[in-house]
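**Student:** Protein sequences, first through last, are from chains A and B. Quick note, in the working numbering, the first sequence goes up one by one and the last residue is 459. Quick note, in the working numbering, the second sequence goes up one by one and the last residue is 459.
A portion of the hints provided could be inaccurate.
Copies of one chain are not kept apart here, so a pair can be met inside one copy or by any two copies together.
Mimicking DSBU-like on lysine-lysine, the simulated pairs with C-alpha atoms at most 35 Å apart in a straight line are [said to hold, decoys possible]:
#1 333 with 2
#2 455 with 198
#3 333 with 75
#4 265 with 368
#5 265 with 2
#6 2 with 368
Hints are computed from structural coordinates only; laboratory data are not their basis.
Number of protein chains: 2
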Amino acid sequence: MKRIKIKQLFAEAKEQDVVICAWVRTNRAQAQFGFLNVNDGSTLNNLQVVYDSALKNFEAISKFRVGVSVLIKGKVVLTPEMKQPLEVHASEVEMLGDCPEDYPIQPKRHTREFLREMAHLRPRTNLFNAVFRIRSVAAMAIHAYFQERGYVYVHTPLITCADCEGSDQMFKITTLNMQNPPLNEDKTVDFSKDLFGKQSFITGSGQLHGETYAMAFGDIYTFGPTFRSENSNTQTHANEFWMIEPEMAFCDLEGLMDIEEEMLKYVIKYVMDNCPSEIDFCDQFVEKGLKDKLSNILSSSFTRISHHDIVDLLLKSDRKWEFKPSYEDDIAKEHEKFITEHFNGPVFITNWPKDIKAWYMKLNPDGKTVAAVDLVVPQAGELMGGSQREENLDVLLERMEQLGVEKDGVDWYLDTRRFGGCVHSGFGMGFERLIMYLTGVENIRDVIPFPRTPKNCKY
Amino acid sequence: MKRIKIKQLFAEAKEQDVVICAWVRTNRAQAQFGFLNVNDGSTLNNLQVVYDSALKNFEAISKFRVGVSVLIKGKVVLTPEMKQPLEVHASEVEMLGDCPEDYPIQPKRHTREFLREMAHLRPRTNLFNAVFRIRSVAAMAIHAYFQERGYVYVHTPLITCADCEGSDQMFKITTLNMQNPPLNEDKTVDFSKDLFGKQSFITGSGQLHGETYAMAFGDIYTFGPTFRSENSNTQTHANEFWMIEPEMAFCDLEGLMDIEEEMLKYVIKYVMDNCPSEIDFCDQFVEKGLKDKLSNILSSSFTRISHHDIVDLLLKSDRKWEFKPSYEDDIAKEHEKFITEHFNGPVFITNWPKDIKAWYMKLNPDGKTVAAVDLVVPQAGELMGGSQREENLDVLLERMEQLGVEKDGVDWYLDTRRFGGCVHSGFGMGFERLIMYLTGVENIRDVIPFPRTPKNCKY
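Let the hints inform the model, and build the full structure from the sequences given.
**Tutor:** This is the structure we're talking about:
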């Protein structure tokens, strides 16, 4: 008899002899028989195992505690009249690994704050089992979407000496002795002695590198970790997180929005198709109405409207704003909320004032705005940010000079504009932001397996 | 007319009107007509475009240089009698972005050393186009293999304060001013002022974190970047590389080998099915016989033999060894070569002397060896390394003490042995090692988009 996983056992739903390896979630023992609820991690659903006093170690089994790992041999019995479609009648139950009474993950509700302090155990709870399976399946959905369309997945470097986000937000890395670093004559640290021969960092974005690959493969995407060293303690900031950064040659702002919309719908559908129990669980226990929210996205057409027209709309509304809407400024959270409610769905906000956006974004003919686009979605706010890139070298150089961006470190990047440059566009999506959106979980610490935030680097 | 990609155009292989955006690879102009070979990155194969003097900008087109980006409108004409199955007769050819005469990527053979100095341009060559597309497709193959089997993809943290590989091989990261770091009273650096409140690193492995998730989900895998700060300049070392680290609960050494073998065959088949032109290219220009090598793996059954029996075999052979085989020592490169030739295929070497293996590996009943396994393959040598893990807490603690592994930082990890522990196993595979094996490329610098090696952190 070969071991079968519980997910498959439910899928086959037939009478058969099986071997199960799993962990005990609950154990209800009575005088002559008992019920183990076990879970092997293959599915959110527990399997009910019935054992009785005919088993030679019945007494021992009836004392198995929550958390114990077990091997079960038995027969599947279909129970169409019961809540669960089947159960296993055990002919053998063996303890593989014991679990003490003070095991913290007991079958009761634990607060998320409590579980955050045991990040290595929390995936054993239903909530985190659901969240991290959705995270895994959503990652696959992203790969599937891009690979089916011929995009090349590029592993851009994490260690870098140049970065478009500015080095003040980056972690420094070093192999030098920080206690007694080698010094130059002027007493500054002599980074020529460091492993890379100069000061290096871990990156906040793979975009610039990605663009160089888009100029070779046409369509590429990155999917990897990024880092920000900012000391901020909010529900949406972590110092380490994963980003997806696609970049498409011969693609303008309209084409970019087509891709963002199609990709988001694809990922939502993929996750709903492949994680029905997990989405149901989140719908029931995390965000009431989650399923409706996601289904509505699938059938909605995303609004496309300029930043200028959004500000018009905000000013014309009779709301009292904490932050006054302005044609020159960013859109505040309260505005985003109003906008997605007004349009009853996701909204692409395009053509932003150039002074609040990045140097590599395409300058529009008006000379005042850039061809940038943010996607804001109901509840989560900004989910993706992208732009058409400035493909004109002279304009780009002027923008860099205006904004004080150093040319020296990114001369290689400028080659994309020197050698057969073309209209191209890309966007970035924070993966955790997506998972929060897909699960309804409100704190980024609860969608990253081992989150890194200021003063928090346990494990 | 919608833009079509060249890959799809070849796949459809029918007469139709098309719009193509691409880059010029060659331009052969004659008096009344000319031929552009263009590539849009969707496939290794170039498209031949015929243009003639009926076009109003014929003169200009005939001067388009290599590297120029173009928009082409025209009609597909099937050419079954020619080398290429079809060509496009242009009704319009427009330059999108110019390219100067000194463009370094000319249609001639460049050395890999030369191209390494322009990592941002080399994917525009056939070799690197093939290699990095194979890299992308192989990454997808790995995700597909594990996800189809219900494994959960876990993003283990990159920033860490604990590591099983030992911190001497890790990069330190900091937000402190390295010039004037805050000091403790004893003049040591005061890391309590650093962002995480203690000294932190970027990781060399996600295994320990992965194990905690295997104890929740059963089967998990990681796939992410890892770092080693070693100052070594060889063909196979980089300071930043990608690793895959699967971990399976209720899985012993034999089960582990089954998975490694099945996964490798799956990935090879997936890449051969999805990158036929790229594999052909590598077979022709990189490693003669590559295709046969890969096909042979698919049909071979991997040998499984103990380290002890391997040493027997080596000692009994009549070879003169530079490194004398020993029951207590590692297997040298020359031994690996002999072994894979002897068995004419991949070989699992099991049950290694405990003193040369890691502290978390399962101690065998003999007390001398551990249930570790290395997979060595023809030419590439070691491709994967794994083991059954020591699930017995007391034995594990004793091993840690013997090997001087600090318990304090990994107490959370030890919980996997306290709370429902079980037999479990896992392995690590360097992704670059796999790509070198799949392409025949011999230098790791040529299979990473922007490689990081000592003194090399350009881009």
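**Student:** Each hint: holds or not?
**Tutor:** Taking the hints in turn, this is what the structure says about them:
| no. | hint | result |
| --- | --- | --- |
| 1 | 333 with 2 | neither (54 Å within a copy, 38 Å between copies) |
| 2 | 455 with 198 | both (28 Å within a copy, 8 Å between copies) |
| 3 | 333 with 75 | neither (56 Å within a copy, 51 Å between copies) |
| 4 | 265 with 368 | within (32 Å within a copy, 55 Å between copies) |
| 5 | 265 with 2 | between (39 Å within a copy, 22 Å between copies) |
| 6 | 2 with 368 | between (68 Å within a copy, 31 Å between copies) |
Checked against the numbered hints listed earlier, the structure breaks hints 1, 3; every other hint is satisfied.
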